[in-house]
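Generate coordinates for the entire structure from the input sequences, incorporating the hints supplied.
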Amino acid sequence: MFLKIAKKKLRLVLSSSEGHYYPPSQKKADWARKESELASFLHLQLAEALNLNDSSLVPQLYEALRCIRLLNEEECHKLFESLKEEYRKRRPYIIYLINCRQSLLCTLSHLHRLKERVKRDRTLTVEFLSSVCVRLFLEKRADQVSRFIEEFQGCSLADEKSDLSECFLERLYTKCPVIPCGLLQAKTS
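So the sequence shown is residues 1 to 189, counted in this note's numbering.
Hints were generated in silico from the structure; no laboratory data involved.
Take the hints with a grain of salt, since some may be wrong.
[As the list claims (entries may be wrong)] Cut-off 27 Å, straight-line C-alpha distance, at most; resulting in silico cross-link-like pairs (DSS-like, lysine-lysine):
no.	residue 1	residue 2
1	115	4
2	161	175
3	140	119
4	9	89
5	89	4
6	89	78
7	175	140
8	89	7
9	7	119
10	78	9
[What the hints assert, rightly or not] Ranges between beta-carbon positions, derived for each pair:
no.	residue 1	residue 2	range
11	96	177	19 to 27 Å
12	66	105	36 to 44 Å
13	121	62	51 to 59 Å
14	86	119	43 to 51 Å
The beta carbon of each residue, even a glycine, is placed where N, CA and C say it ideally should be.
Pasting the structure below:
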């Protein structure tokens, strides 16, 4: 009965932990400190959880360590074998879940790229449409633009040129049609 409880607590802790890498230069005896590999692993997880202030994982790790310490060597061996067997049975499903996750991540990446392309296409379309509208507007007023150029070239002082430009732009602005479909908002956003 106690073995089932220990197994359940250990499975809960192991499901929320990440594997640690032990450097090859480090001998097993150096980091095991006369405790089982599992206890050493749980101590590492506990240190990390304490460091990260993970208030939900810390008590689970303390409880799992307490349960592991209460088991003798034979019970630990049974616990390991039971966990190995469960893992072996679940392995195909885990592989399936990993493949599904990878597929979803690829799909999300593809959708993100498509979204960026649509944004870029929209920007280019708005810029092109704006330039076409401006070109058509100015083509209809080509005679006014020509007169402005002649008057501008005839001015010698910078203030005169500035005043002439302001007046010309104000006249054009008053004759500007309403921009269709919020084109200006799309261009500025």
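Among all the numbered hints in the text so far, which are the ones the structure does not match?
1, 3, 9 and 11
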